[in-house]
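S.K.: Following the hints, complete the assembly by docking chain A onto the known chain S.
The primary structure of each chain is shown beneath.
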Amino acid sequence: MDGKFVGYTNEPQKLVNEIRTKRRDGTIHYQVNVAYHEHLDEVRILSDSGRVRRPLIIVENGKPKLTKEHIEKLKRGEIGWNDLVKNGVVEFLDSEEEENAYIALNENELTTEHTHLEFDPAVILGLSASFIPYPEFNRGDRVNYGAKMVGQSIGIFATNFLLRTDTKSNVMVYPTKPLVQTHVYSVIPYDKHPNGSNVVVAVASFDGYNMEDSIVINAGSLQKGLFWSYMYRTYEAEQKRYLGGQEDLIGIPEAGVRGYAGEDAYKHLSKDGIPYPETDLESDKVIIGRVSPLRFLGTMDRFITGFENIRETSVRLRHGDFGIVDRVFVTETVDGTKLIKVVVRDLKVPEIGDKFASRHGQKGVVGLVVPPEDMPFTESGIVPDIIFNPHGIPSRMTIGQLLEIIAGKVAAVTGDYINSPAFSPTPEKELRDILRKNGFRNDGKEIMYDGRTGKRFKSQIFIGSSFYQKLDHLVSNKIHARSRGPVTLLTKQPTEGRSKEGGLRLGEMEKDCLIAHGASLALKERFDSDKTTVSICSVCGLVAIQDKIKNKKVCPIDGEVKIKDIQMSYAFKLMLDELKSMLIYPKVVVGEE
Amino acid sequence: MSEQLQTDFELPTKLVEEVEEISREMKLNKEKLMEEVRKAYQQGRFEPGESIGIIAAQSISEPSTQMTMRTYHFAGIAGIKVTYGLPRLIEIFDAKKEPETPMMTIYLKKEYNNANDAAKLAENLVERKVLNLTKKISLNLNENSIEFEVTDKRKVDLICKVVKDNLKNVSVRAKEDKIIIVVKTEDVRELQKLKEKVLDLQIDGVRGIRNAIVRKEGEDWIINTIGTNLRDTLNIKEVDERRTYTNDIHETLAVFGIEAARNIIIREALKTMQEQALDVDIRYVMLAADIMTFGGDVSSIGRYGVAGAKTSILSRAAFEETIKHLVRASIRNEVDNLQGIFENVMIGQVVPAGTGMFELIVRPEE
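So the sequences go chain by chain: S and A.
The numbering of the first sequence is our numbering, which starts it at 1 and goes up by one.
The numbering of the second sequence is our numbering, which starts it at 594 and goes up by one.
In isolation and in its complexed conformation, chain S is listed as follows (with noise of 0.2 angstroms):
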């Protein structure tokens, strides 16, 4: 029991059984677990916590325990689900027991040899993946993909946002519940956390600006708040206490402070080293202003008092971030120390590169934002959010986003929910009877017209709404470039990824290429970035000193013989300092000029 022996049995089936039936009769707590296991000759109880456990209908004898009876209680209310549990007719199976259970996916496939039913087939999802309407419908791996695009996307995660302090945090501004729905988003408190709009989506081309999965959206629909949404960051300081009585200190820096950077990065801070909410903020500008006592004493420092011997250490907004001072707290930690924390807003309206989704795995990046006038329209007025390629369906076999937009067309229509969860969904037909009563084609096709020219477009084209979701991989979060920058102090190199405005690294086999090309000279110049030129001792052939005082260069070793400057790379440089350091003489021979 719970990893523990407790005794042993020659009749292992019968316990287990006997323990079963104690269980569902309420003798034994439901949450106990019982496994035989018939290749370990072993009997399991369970009890301990942290076990994955889920529900399944019992069935005895071909038969499931869960009655029409019941449902139809349940239905009025008279029984709940805690009853169902004590009655005997639901019961929790954890990973072991699963293992003797026969369970049946469907009522009308139970033989007597199966011990429980499932609920539902459509549980064989998990969460993530429920949210997928017509599932059936779509290629197996376009349901995962889109399952993990759900995970990704913006919307409400917690009601109390305004409230927290998260590193990093996104919420949508003015996100709709979806018109197509499954079962899960009335199980789950889903009207309190939307992840995404219901948009006009046809799907045609528009001039190539939507082609490899792109996206063309409607400029209009933006300014009207499609999309929009925030992000919020954390920022925070604490004032700590060190050895010996210094602390730090949270305000403005006074100018002569080591690492003091200038009025202009402390404009944003009041008095106090704090900003005032909904202060506008810059890249790279200080949100915290603070100072520390310096920690590493050198030699000289000792007896330097006063403000010098304090260093800046600042809190500045991350680089490449913009945004609006939201929300201060002041507070403390634990330990009694000051803490502030600065959350940061910036809106984030969709652009160009922004990412959205569908829930079929189709995925894909804004490439053109159009002017409302400018998009096509159909007879009565319609003009779509999203034009989205139809270069995306026939390899992909996405059925289910078809059926998608139909659905959704559909509920626009009669204004309500249609509900299609795995399965069991709303059938094609009806869909289209539907449509067809409202004065629509049945296939969802509409004539539409050429915004630009007001010419009509020689076919018609698929048009309806459906759910989108835009995802947390916005361009302006990743948007990148350098020329000239900062280095790194080991190697000398530009450093590396955008927070640090490093460099785009040419590779190995990039640099391949350029020699393919013949090209050594642009070869050289883009491998210049650490070039440093080296005095060397002629004789010994390691790196000779240059003598500022005298104005001479010497070698440490032979004195002061003829000694040349060589240029190379830092890095070649570094390699021969290490070299030295594992016992190697790396003896640089110099050639005549």
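Hint data in this document are derived by calculation from the structure and do not stem from the laboratory.
Keep in mind it's a predicted model, so treat the numbers as computed, not measured.
Even glycine gets a Cβ: it sits at the ideal position worked out from N, Cα and C.
Any given hint might turn out to be false.
[As the list claims (entries may be wrong)] Dumping the calculated BS3-like pairs for lysine-lysine here, alpha-carbon to alpha-carbon at most 25 angstroms:
#1 Lys-917(A) <-> Lys-580(S)
#2 Lys-478(S) <-> Lys-531(S)
#3 Lys-790(A) <-> Lys-729(A)
#4 Lys-168(S) <-> Lys-478(S)
#5 Lys-148(S) <-> Lys-168(S)
#6 Lys-580(S) <-> Lys-788(A)
#7 Lys-903(A) <-> Lys-524(S)
#8 Lys-903(A) <-> Lys-511(S)
#9 Lys-73(S) <-> Lys-63(S)
#10 Lys-746(A) <-> Lys-771(A)
#11 Lys-917(A) <-> Lys-587(S)
#12 Lys-148(S) <-> Lys-192(S)
#13 Lys-22(S) <-> Lys-86(S)
#14 Lys-746(A) <-> Lys-689(A)
#15 Lys-587(S) <-> Lys-903(A)
[Stated by the list, open to error] Partial list, derived from the structure: chain A residues whose beta carbon lies under 8 angstroms from chain S:
#16 Pro-641
#17 Gly-642
#18 Ile-648
#19 Leu-919
#20 Val-938
#21 Ile-940
#22 Gly-947
#23 Thr-948
M.R.: Below, chain A without anything else, positioned relative to chain S:
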């Protein structure tokens, strides 16, 4: 390169012959045609300073990235399992001692080039050991003998003869389909060992050939085998020794020599890539094969072969086994003359390739 070197070269004999033939057939001016061919030929040559090695490497490796990592799938011919795609290509360029699926393609001489002879030969090619012909085997510890029953009665005499020829100190008796081998030792372990030895004896066929399948290709009847033994196969009288080949590079090297090995590398590498519908120019593969074989031996492209034989310490150290090369160089007081490409990239100088290859030479006296 001087002006003279650029214009003074001889066209390959084969090309010259072809030009002569065509000019004769079509009644063209031979000199004029030759001049045009020379021009075209010269244009086809690479220019001084062109990094053909890198271009060849890229031209082979870029399409290779598209190859699937699938090792096995069934070839069109009667269910022979063959190494394909990237694993086979790696096998070739790594110069592995034995291919994962050694295979021979056997052509037949004109007089035997028919279905009957091919089928007969294919059957006789497959190696058969005593093991393959045995129904039942047992050790008789009372008489210190090994008894076994043979599946085919007609082979009894043959097996007896083979056993007699190959084993000393034994007496062999045959009784209908039973063969009894009496040994003079008392040691049971020795008896066991002997049993293994007997079972492993080759009765007929060619050693090392596990399977043979007849196939018709155009006019020819071809035998594809799994397992190779080129030397013994070529001694069979029906086999056309001019066309028969194996995919084992090292075996080809041993039987035919280095030029043949080079040809096998080219043929196999190209075949592997063409199977995957990758169009790689033969000259790139030829260059790779030349590099692998120019030392008179087949060396791999890698740490222990071509890359390990580079003169520059720095470029070897940068490739693989850094410490080994640096320590060795320091012990032996080696000098890196910084004449290769990689070393110069490392120290940040102009690489001696392409435009960086040339220097201006001034001769004041002229």
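S.K.: Next step is simple, just say for each hint if it's right about the structure.
M.R.: Structure-based check of each hint:
no., hint, result
1, Lys-917(A) <-> Lys-580(S), "holds, 16 angstroms"
2, Lys-478(S) <-> Lys-531(S), "violated, 30 angstroms"
3, Lys-790(A) <-> Lys-729(A), "holds, 16 angstroms"
4, Lys-168(S) <-> Lys-478(S), "holds, 15 angstroms"
5, Lys-148(S) <-> Lys-168(S), "holds, 20 angstroms"
6, Lys-580(S) <-> Lys-788(A), "violated, 63 angstroms"
7, Lys-903(A) <-> Lys-524(S), "holds, 23 angstroms"
8, Lys-903(A) <-> Lys-511(S), "holds, 20 angstroms"
9, Lys-73(S) <-> Lys-63(S), "holds, 19 angstroms"
10, Lys-746(A) <-> Lys-771(A), "holds, 9 angstroms"
11, Lys-917(A) <-> Lys-587(S), "holds, 18 angstroms"
12, Lys-148(S) <-> Lys-192(S), "holds, 21 angstroms"
13, Lys-22(S) <-> Lys-86(S), "holds, 11 angstroms"
14, Lys-746(A) <-> Lys-689(A), "violated, 42 angstroms"
15, Lys-587(S) <-> Lys-903(A), "holds, 20 angstroms"
16, Pro-641, "violated, 10 angstroms"
17, Gly-642, "holds, 6 angstroms"
18, Ile-648, "holds, 5 angstroms"
19, Leu-919, "holds, 6 angstroms"
20, Val-938, "holds, 6 angstroms"
21, Ile-940, "holds, 5 angstroms"
22, Gly-947, "holds, 2 angstroms"
23, Thr-948, "holds, 5 angstroms"
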